[in-house]
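Visitor: Dock chain S against the given chain G, drawing on the hints supplied.
If you're matching them up, the sequences are chains G and S in order. No gaps in the numbering here: position 61 of the first sequence is 61 in my numbering, and each next residue is one more. The number in my numbering is simply the position in the second sequence, starting from 1, with 119 added.
Mixed in with the good hints there might be a few duds.
[What the hints assert, rightly or not] The calculated EDC-like cross-link candidates involving lysine to aspartate or glutamate, where the alpha carbons are at most 16 Å apart (straight line), are:
1) S:Lys187 with G:Asp29
2) S:Lys187 with G:Asp34
3) S:Lys187 with G:Asp31
[What the hints assert, rightly or not] Pulled from the structure, derived: some chain G residues nowhere near chain S, Cβ distances all over 12 Å:
4) Leu14
5) Ser44
6) Pro46
7) Ile50
8) Leu66
[To be verified] FRET-style restraints, in silico, Cβ to Cβ:
9) S:Val173 with G:Ala37: 23 to 33 Å
10) G:Arg45 with S:Leu212: 35 to 45 Å
11) G:Arg99 with S:Ala154: 23 to 33 Å
12) S:Val222 with G:Trp39: 37 to 47 Å
13) G:Lys96 with S:Ala133: 27 to 37 Å
14) S:Val226 with G:Leu4: 36 to 46 Å
15) G:Met1 with S:Val226: 40 to 50 Å
16) G:Gly33 with S:Val226: 42 to 52 Å
It is worth saying that the hints were derived from the structure and are not from the lab. On a predicted model such as this, the values are computed, not experimentally measured, just so you know. Ideal placement from N, C-alpha and C gives every residue a C-beta, glycine not left out.
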Amino acid sequence: MPLLTIGLWLANVLIDTGGQLAFKAAAGDPDAGDGLARWRHMASRPWLWIGVGCYVIEFLVWIAFLSLVPLSEGVLLGSINIVAIMIAGRFLFGEKLTRLRVAGILLVSLGVAIVGAGG
Amino acid sequence: MRRFYVFGFLLLMAFDTLAQLSFKLAGNHALPVAADLAWLLRVFGAPWIYGALVGYLGAFFTWMSLLKHAPIGPAFAASHLEVISVMLLSVWLFHEPLTVPRVLGAVAIVAGIVCLGLAESDEAEHATANGAGAGPG
Chain G
1 MPLLTIGLWL ANVLIDTGGQ LAFKAAAGDP DAGDGLARWR HMASRPWLWI GVGCYVIEFL
61 VWIAFLSLVP LSEGVLLGSI NIVAIMIAGR FLFGEKLTRL RVAGILLVSL GVAIVGAGG
Chain S
120 MRRFYVFGFL LLMAFDTLAQ LSFKLAGNHA LPVAADLAWL LRVFGAPWIY GALVGYLGAF
180 FTWMSLLKHA PIGPAFAASH LEVISVMLLS VWLFHEPLTV PRVLGAVAIV AGIVCLGLAE
240 SDEAEHATAN GAGAGPG
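This is chain G alone, in the form it adopts within the complex (with noise of 0.2 Å):
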């Protein structure tokens, strides 16, 4: 895989990684409310903003990315946000990594390696 392609695919677990943790901390705010007030509460805070940066940025890399390689292909190497997102929540939100779940990151993490090693 050239260069270009595994830059694009790191710059893009760390953006989304990015971008979900701001979303987690703007949506679980427990002082944030209901309905549209609960909207106009996280719009007032910075997480739910630096959220939608990462999103946007990520947005480009990820069809740049996508151009270069296969989609079936690219969908599957993506997965590992699932892996990168879960460690961060256990660190930050201090989820639980239960054995379901190590079982869980684990496969992902083969089935990833399976695609990138294979095509």
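Guide: Okay, now just chain S, sitting in the frame of chain G:
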């Protein structure tokens, strides 16, 4: 509540699938890849990018509604079942071959996603038993 999640995740899957197919078409149209204005103009000059935007925005609002209660990891995992729909549609629309590594990889990834979904059900049952919400923290 269960029906709400099933419908929500199916809607998310449909939006995500639309977005991925449009991303691919937009990217193909804009080749070769370059970090410059010409590439951006090629991306935004074709209609595909707007299909991606519709999918992205639809997925975003569906996702934010689901995230209010679901823990981020498992919800994110469930949202990734679109790999199956996208893969099958890629064979049909882009004539991509289903190579052995892709099929094996997809099986492992889907098995992993199922494990994460099961882990979520366990968690939700515990939370209900304790009379607490499923959200962390």
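Visitor: Decide, hint by hint, whether the structure agrees.
Guide: Hint-by-hint comparison with the structure:
1. A distance of roughly 9 Å separates the Cα atoms of Lys187 of chain S and Asp29 of chain G; the hinted pair therefore holds under the 16 Å criterion.
2. Under the criterion of a C-alpha separation no larger than 16 Å, the hint pairing Lys187 of chain S with Asp34 of chain G is consistent with the structure, at around 10 Å.
3. For the suggested pair Lys187 of chain S and Asp31 of chain G, the alpha carbons sit about 12 Å apart, so the restraint of at most 16 Å is met.
4. Chain S leaves Leu14 of chain G outside its interface by the beta-carbon criterion, the shortest separation being 15 Å against a cut-off of 12 Å.
5. Every C-beta of chain S lies more than 12 Å from that of Ser44 of chain G, the closest at about 16 Å, which supports listing it as non-interface.
6. Look at Pro46 of chain G: its CB is around 16 Å from the nearest CB on chain S, clear of 12 Å, so calling it non-interface holds up.
7. A cut-off of 12 Å between C-beta atoms confirms that Ile50 of chain G is not in contact with chain S; the least separation is 14 Å.
8. Not every Cβ of chain S is farther than 12 Å from the Cβ of Leu66 of chain G; the closest lies at roughly 5 Å, contradicting the non-interface assignment.
9. Restraint check, Val173 of chain S to Ala37 of chain G: a C-beta distance of roughly 27 Å satisfies the suggested window 23 to 33 Å.
10. For the pair Arg45 of chain G and Leu212 of chain S, the beta carbons lie near 41 Å from each other, so the given range of 35 to 45 Å is met.
11. Here the CB-CB span from Arg99 of chain G to Ala154 of chain S is close to 43 Å, at odds with the stated 23 to 33 Å.
12. Checked against the given bound of 37 to 47 Å, the beta carbons of Val222 of chain S and Trp39 of chain G, roughly 42 Å apart, stay inside it.
13. The given range of 27 to 37 Å is respected by Lys96 of chain G and Ala133 of chain S, whose C-beta atoms sit roughly 30 Å from each other.
14. Against the hinted window of 36 to 46 Å, the Cβ-Cβ separation of Val226 of chain S and Leu4 of chain G comes to about 29 Å, which falls outside the hint.
15. Separated by about 22 Å at the C-beta atoms, Met1 of chain G and Val226 of chain S break the suggested range of 40 to 50 Å.
16. In this structure the supplied range 42 to 52 Å holds for Gly33 of chain G paired with Val226 of chain S, their Cβ-Cβ distance being about 43 Å.
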